[in-house]
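The primary structure of each chain is shown beneath.
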Amino acid sequence: KAGVTQTPRYLIKTRGQQVTLSCSPISGHRSVSWYQQTPGQGLQFLFEYFSETQRNKGNFPGRFSGRQFSNSRSEMNVSTLELGDSALYLCASRDGLAGNTEAFFGQGTRLTVV
Amino acid sequence: QKEVEQNSGPLSVPEGAIASLNCTYSDRGSQSFFWYRQYSGKSPELIMSIYSNGDKEDGRFTAQLNKASQYVSLLIRDSQPSDSATYLCAVNGANDYKLSFGAGTTVTVRA
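Read top to bottom, the protein sequences are chains W and C. The working numbering puts the first residue of the first sequence at 81, with every later residue one more than the last. The working numbering puts the first residue of the second sequence at 19, with every later residue one more than the last.
These aren't lab readings, by the way, just hints derived from the structure by calculation. Small disclaimer: the values here were computed from a predicted structure and weren't measured. Cβ coordinates follow ideal geometry from the N, Cα and C atoms, glycine included. You may find that some hints are simply not true.
[As the list claims (entries may be wrong)] Far from chain W, by Cβ distances over 12 Å, these chain C residues were calculated:
id	residue
1	Gln24
2	Ala35
3	Ser38
4	Gln56
5	Gly72
6	Glu75
7	Gly77
8	Asn84
9	Leu93
10	Thr104
[To be verified] Simulated pairs of lysine-lysine, BS3-like, Cα-Cα distance not exceeding 25 Å:
id	chain 1	residue 1	chain 2	residue 2
11	C	Lys20	W	Lys137
12	C	Lys85	C	Lys20
13	C	Lys60	W	Lys93
14	C	Lys116	C	Lys74
15	W	Lys137	C	Lys74
[Claimed, not checked] A few chain C residues that face chain W, going by a derived Cβ cut-off under 8 Å, partial list only:
id	residue
16	Phe52
17	Pro62
18	Leu64
19	Ser67
20	Tyr89
21	Leu106
22	Asp114
23	Lys116
24	Ala121
25	Gly122
Bound conformation, chain W alone (with noise of 0.2 Å):
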């Protein structure tokens, strides 16, 4: 069974440009969440698709959004970068039909902004 796949895993981008991102869930999971990690902040939850609709938002400004298709399949774009928004992203797959269902990560995209 396939993992998580994110990509690009590297990505460097300058101040005002926009970035998207890409994560296939696990095959038969309709949960997609996305993280922001830096080492100050830690884990920061962006949002979560579940079936093509936004599920929950975390704290983060409009320039942060995302969208899911119908294969599950989710992308997070990021618009007017900042140098802030330097970190590693992650995405969670679960199965999302219930709560208590284990979420695993992909790899990872980790940006950087200069």
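Fit chain C to the given chain W structure using the hints.
Relative to the frame of chain W, chain C by itself:
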């Protein structure tokens, strides 16, 4: 108050000893609790899940849950150098499907 809090580290233990990690959470209605291990430069890896009060053992790992005290712990017995990592406590919200994480506790097992 943070949703999930973990005991501050780093925690250094000798090889073969027991490492004890603690976590408290604020949402009294939470029902699902998880421990993840994260090696430096890698993504978090699920090592334990626990849903009922009491202990759950899996190999050298034991998770303990006390919902009345809103407390979750992880014990690592016979600690090995390969256990050196950051351990993250995660709690599922009572009324939503949001999984919240603590800041993590870094464990170093010294040979």
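A quick look at each hint next to the structure:
Listed as a non-interface residue, Gln24 (chain C) fails to keep its Cβ farther than 12 Å from every Cβ of chain W; the least gap is roughly 9 Å. In this structure Ala35 (chain C) is separated from chain W by more than 12 Å, as the shortest Cβ-Cβ distance comes to about 26 Å. Listed as outside the interface, Ser38 (chain C) is consistent with that label: its C-beta sits roughly 20 Å from the nearest C-beta of chain W, beyond the 12 Å cut-off. In this structure Gln56 (chain C) is not separated from chain W by more than 12 Å, as the shortest Cβ-Cβ distance comes to only about 9 Å.
No Cβ of chain W comes within 12 Å of the Cβ of Gly72 (chain C); the nearest lies about 16 Å off, and the non-interface call holds. Against the 12 Å criterion, Glu75 (chain C) stays outside the reach of chain W, whose nearest CB is about 17 Å from its own CB. Separation of Gly77 (chain C) from chain W is adequate, the least Cβ-Cβ distance of about 17 Å exceeding the 12 Å criterion. No beta-carbon of chain W comes within 12 Å of the beta-carbon of Asn84 (chain C); the shortest separation is about 18 Å.
No Cβ of chain W comes within 12 Å of the Cβ of Leu93 (chain C); the nearest lies about 20 Å off, and the non-interface call holds. Against chain W, the non-interface label of Thr104 (chain C) is violated: not every CB pair exceeds 12 Å, the least being about 9 Å. Between the alpha carbons of Lys20 (chain C) and Lys137 (chain W) the distance comes to roughly 17 Å, so the proposed pair stays at or under 25 Å and holds. Between Lys85 (chain C) and Lys20 (chain C) the CA atoms are separated by roughly 17 Å; this keeps the pair inside 25 Å, and the hint holds.
Between Lys60 (chain C) and Lys93 (chain W), the direct Cα distance comes to roughly 21 Å. Compliance with the 25 Å bound is thereby established for this hinted pair. Note on Lys116 (chain C) and Lys74 (chain C): the hinted pairing holds, with a Cα-Cα distance of about 23 Å set against a maximum of 25 Å. A C-alpha spacing of about 31 Å is found between Lys137 (chain W) and Lys74 (chain C), which places the hinted pair above 25 Å, so the restraint is violated. Because the beta carbon of Phe52 (chain C) sits about 7 Å from the nearest beta carbon in chain W, less than 8 Å, this interface hint is met.
With a cut of 8 Å, the hint placing Pro62 (chain C) at the interface with chain W holds, because the nearest CB-to-CB distance is about 5 Å. For Leu64 (chain C), the shortest C-beta to C-beta distance to chain W is roughly 6 Å, which falls under 8 Å, so the interface hint holds. Taking 8 Å as the C-beta cut-off, the interface hint given for Ser67 (chain C) holds, the closest approach to chain W being about 5 Å. A hinted interface residue such as Tyr89 (chain C) counts as satisfied when its beta carbon comes closer than 8 Å to some beta carbon of chain W; here the least separation is about 18 Å, so the hint is violated.
Against a cut-off of 8 Å between C-beta atoms, the interface hint on Leu106 (chain C) holds, since the closest Cβ of chain W lies about 7 Å away. The beta carbon of Asp114 (chain C) comes within 5 Å of a beta carbon in chain W, closer than 8 Å, and the hint placing it at the interface holds. With 8 Å as the threshold, the beta carbon of Lys116 (chain C) comes within range of chain W, its nearest partner Cβ sitting at about 5 Å, so the hint holds. Hint status for Ala121 (chain C): holds, given a least beta-carbon distance of 4 Å to chain W, under 8 Å.
Contact between Gly122 (chain C) and chain W, as hinted, is supported at the beta carbon level, the nearest pair being about 6 Å apart and thus within 8 Å.
Hints 1, 4, 10, 15 and 20, counting from the list given before, are not met by this structure.
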